[in-house]
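Visitor: Here is what each chain is made of, one letter per residue.
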Amino acid sequence: MFYREAGQFKTSYKADQALMPILQDRVGLTVILLIAFVAIPAFANDFFLTSIMIPFLVFSLAAIGLNVLTGFCGQLSLGTGAFMGVGAYAAYKLTTIFPDANVIVMVLLSGIFSAAIGAVFGLPSLRIKGLYLAVTTLAAQFFLEWCFIRIPWLYNYNASGAIEVPHREAFGVVVSGAEATPIVRYFIVLCITVAIAYLMANVLRGRIGRSWMMIRDMDIAAELMGIRPLQTKLMAFAVSSYICGVAGAMMVFFWLNAAEPSSYSISLSFQILFMVILGGLGSLGGAFMGAAFIWILPVFLKFIPGTLGIDVAAETVEHVTFMIVGALIIFFLIVEPHGFARLWQIGKQKLRVWPFPY
Amino acid sequence: MNAFVTDKTLAPAGELEPAEREELLRVDNVSLSFGGVKAITDISFDILKGEIRAIIGPNGAGKTSMLNVINGFYHPQEGTITWRGKVRRKMKPYEAASQGIARTFQNVALFKGMTTLDNIMSGRSLKMHRNFFWQVLWRGPAENEEIEHRRKVEDIIDFLEIQAIRKTPVGRLPYGLQKRVELGRALAMEPELLLLDEPMAGMNLEEKEDMSRFIVDVNQEFGTTIALIEHDMGVVMDLSDRVVVLDYGKKIADGPPEEVQASQAVIDAYLGVSH
Chain A
1 MFYREAGQFK
11 TSYKADQALM
21 PILQDRVGLT
31 VILLIAFVAI
41 PAFANDFFLT
51 SIMIPFLVFS
61 LAAIGLNVLT
71 GFCGQLSLGT
81 GAFMGVGAYA
91 AYKLTTIFPD
101 ANVIVMVLLS
111 GIFSAAIGAV
121 FGLPSLRIKG
131 LYLAVTTLAA
141 QFFLEWCFIR
151 IPWLYNYNAS
161 GAIEVPHREA
171 FGVVVSGAEA
181 TPIVRYFIVL
191 CITVAIAYLM
201 ANVLRGRIGR
211 SWMMIRDMDI
221 AAELMGIRPL
231 QTKLMAFAVS
241 SYICGVAGAM
251 MVFFWLNAAE
261 PSSYSISLSF
271 QILFMVILGG
281 LGSLGGAFMG
291 AAFIWILPVF
301 LKFIPGTLGI
311 DVAAETVEHV
321 TFMIVGALII
331 FFLIVEPHGF
341 ARLWQIGKQK
351 LRVWPFPY
Chain B
1001 MNAFVTDKTL
1011 APAGELEPAE
1021 REELLRVDNV
1031 SLSFGGVKAI
1041 TDISFDILKG
1051 EIRAIIGPNG
1061 AGKTSMLNVI
1071 NGFYHPQEGT
1081 ITWRGKVRRK
1091 MKPYEAASQG
1101 IARTFQNVAL
1111 FKGMTTLDNI
1121 MSGRSLKMHR
1131 NFFWQVLWRG
1141 PAENEEIEHR
1151 RKVEDIIDFL
1161 EIQAIRKTPV
1171 GRLPYGLQKR
1181 VELGRALAME
1191 PELLLLDEPM
1201 AGMNLEEKED
1211 MSRFIVDVNQ
1221 EFGTTIALIE
1231 HDMGVVMDLS
1241 DRVVVLDYGK
1251 KIADGPPEEV
1261 QASQAVIDAY
1271 LGVSH
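As you go down the protein sequences, you meet chains A and B in turn.
Just so you know, this note's numbering puts 260 at position 260 of the first sequence, and the rest follows in order with no gaps.
Going from the second sequence to this note's numbering is simple: count from 1 and add 1000.
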């Protein structure tokens, strides 16, 4: 009743293939963007920004990156953490080499390095598929992590072996380093994430996105229709790694301030992969939903005992949170194996026919 | 179904006798084996421009392997393929596709996660050229290109009468419609040679009649040459101009339907013969 396309007629193909052909969707997105750009900066405190919103956006972007590769092109990857690390270390080296350059530009450029490395590790995908490919990307994960530890040049020969984000200003504001305010960081991360998500939505609805999905759904048919598998897969690897690289660079520059090799370990890869699976493979919105579930939900759960005035030890809360989140993951995967994106689709379908059951 | 035969005589391509038509594709002495298994042994035949050429034979005769050789998925150990006057030993799938060979598959090979529209649009992939940077921007050239190809795709959707399922993911469609969408996807490539691998397998009579009508229309309206593998002999004999019969990887007959039907070798292959 409230959500239906009835009466919204399209008179051109342009209108029909718009990103959001239905008015209600456009209104919904506008509201979300208004909340993100106006309401949250106006009302949120520093804790909410630094511990919830910034990591959520960073993980969402990384999940979009992995979704391009796994959800849209069908190539399973366990190297996300390492590709994010490449972005972080590349951005760190770039800011060292060009101290006066704008750090936001450096973060965006750093993705190019992880795109190149991602494409190299994507080469086996021509011959190897599915779980076996995942194992080869695991090699990327371990090899790159080893590089972060064993090549001192990458962390400027620090005694600690960690990278620390330098103090940088852009447009007269401190944007990175310990002095940067959460609100500035939040805006940078939000703008980059929203921009990349929009640009990816464009790629995914056009020829290139279709060629990825062709490879995913039926690679033999795709090949016989003139899609060159190697180029297409490598492009997916490069684009995916670029996005992951930017997310990794943002992670250290606008969230953590410092990172060591273990920040980009296999557990990060798994975390991002779970976000993608829970959110829904092959859905950009799902990437955001998955990231929200995996990152924001535990933070909220940890606060429930405190706000209710229940006196429990911090470790107990931690463990119970793990158990609840784990149980919820299993629950949602049983209810809808295709993730939140599919649940959202089903919900929309129900709204269309409401108040009737079908 | 005899009406089809009468129709064909009215068609532009049909005005020419088979002998006068230009040769589009020829395979010469092609042999293909997988290890010790000989799938195809020394087969030669040609496909003339504008005709419907049927390839028939019992199961395992090497029909699908033959199509795979033609569009470059298998590379024969011996023999040559002449496509539009150019002789070559093997073709790559990409070359075959870009030079106008399209096909459908015996087991529906649609892109299951995509809508009907996207599936047919995917047939236009080779004709769309805007690179990544235009695609990222979308507004302007990439969008215009998309709309331009959407028009062509909508023509195909109208032709195949599948307007109602335009936005439905093909995984949810019934089998007969999936076959139709697959034909649409191949048509979107605007092929010169269309390879149909059992387009009517598993269909009921009505669906078969529809599909036959589409095949004849494609041949006559678009002038597309068609190579057809089919087990339904009624359909084969009605639709095709010439038939080549394979058995155990060897060619046992080649000629107009009536001639092939009367051939003793073909009857033996299909009915079996006591040794």
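Honestly, the hints are just simulated from the structure, not real lab data.
As the structure is a computational prediction, the values presented were derived from the model and not from experiment.
Each residue gets a CB set at the ideal place from its N, CA and C atoms; glycine is no exception.
Hints are not guaranteed to be accurate.
To be verified - In silico SDA-like cross-links for lysine to any residue, where the CA-CA straight-line distance does not exceed 20 Å:
1. B/1167 / B/1155
2. A/350 / A/6
3. A/14 / B/1168
4. B/1112 / A/338
5. A/348 / A/14
6. A/14 / B/1151
Said to hold, decoys possible - Okay, the calculated bits of chain A under chain B, using three or more residues with CB under 8 Å as the criterion:
7. 219–230
8. 327–335
Visitor: Each of the hints needs a verdict: does it hold here or not?
Guide: Hints and how they fare:
Our distance criterion of 20 Å between C-alpha atoms is met by residue 1167 of chain B and residue 1155 of chain B, whose separation comes to about 15 Å. At roughly 15 Å between alpha-carbon atoms, residue 350 of chain A and residue 6 of chain A fall within 20 Å of each other, so this suggested pair holds. A threshold of 20 Å between alpha carbons decides the hint, and for residue 14 of chain A with residue 1168 of chain B the separation of about 19 Å falls inside it, so the pair holds. Between the alpha carbons of residue 1112 of chain B and residue 338 of chain A the distance comes to roughly 14 Å, so the proposed pair stays at or under 20 Å and holds.
With a CA separation close to 23 Å, the supplied pair residue 348 of chain A and residue 14 of chain A exceeds the 20 Å bound. For the hint pairing residue 14 of chain A with residue 1151 of chain B, the CA-to-CA distance comes to about 11 Å; that is within 20 Å, so the pair holds. For a cut-off of 8 Å, the count of residues in the segment 219–230 of chain A with a CB near a CB of chain B stands at 9, and the three-residue condition holds. Beta-carbon proximity to chain B at under 8 Å applies to 0 residues in the segment 327–335 of chain A; the threshold of 3 is not reached and the given coverage is violated.
In the structure shown, a violation is registered for the earlier hints numbered 5 and 8, in ascending order.
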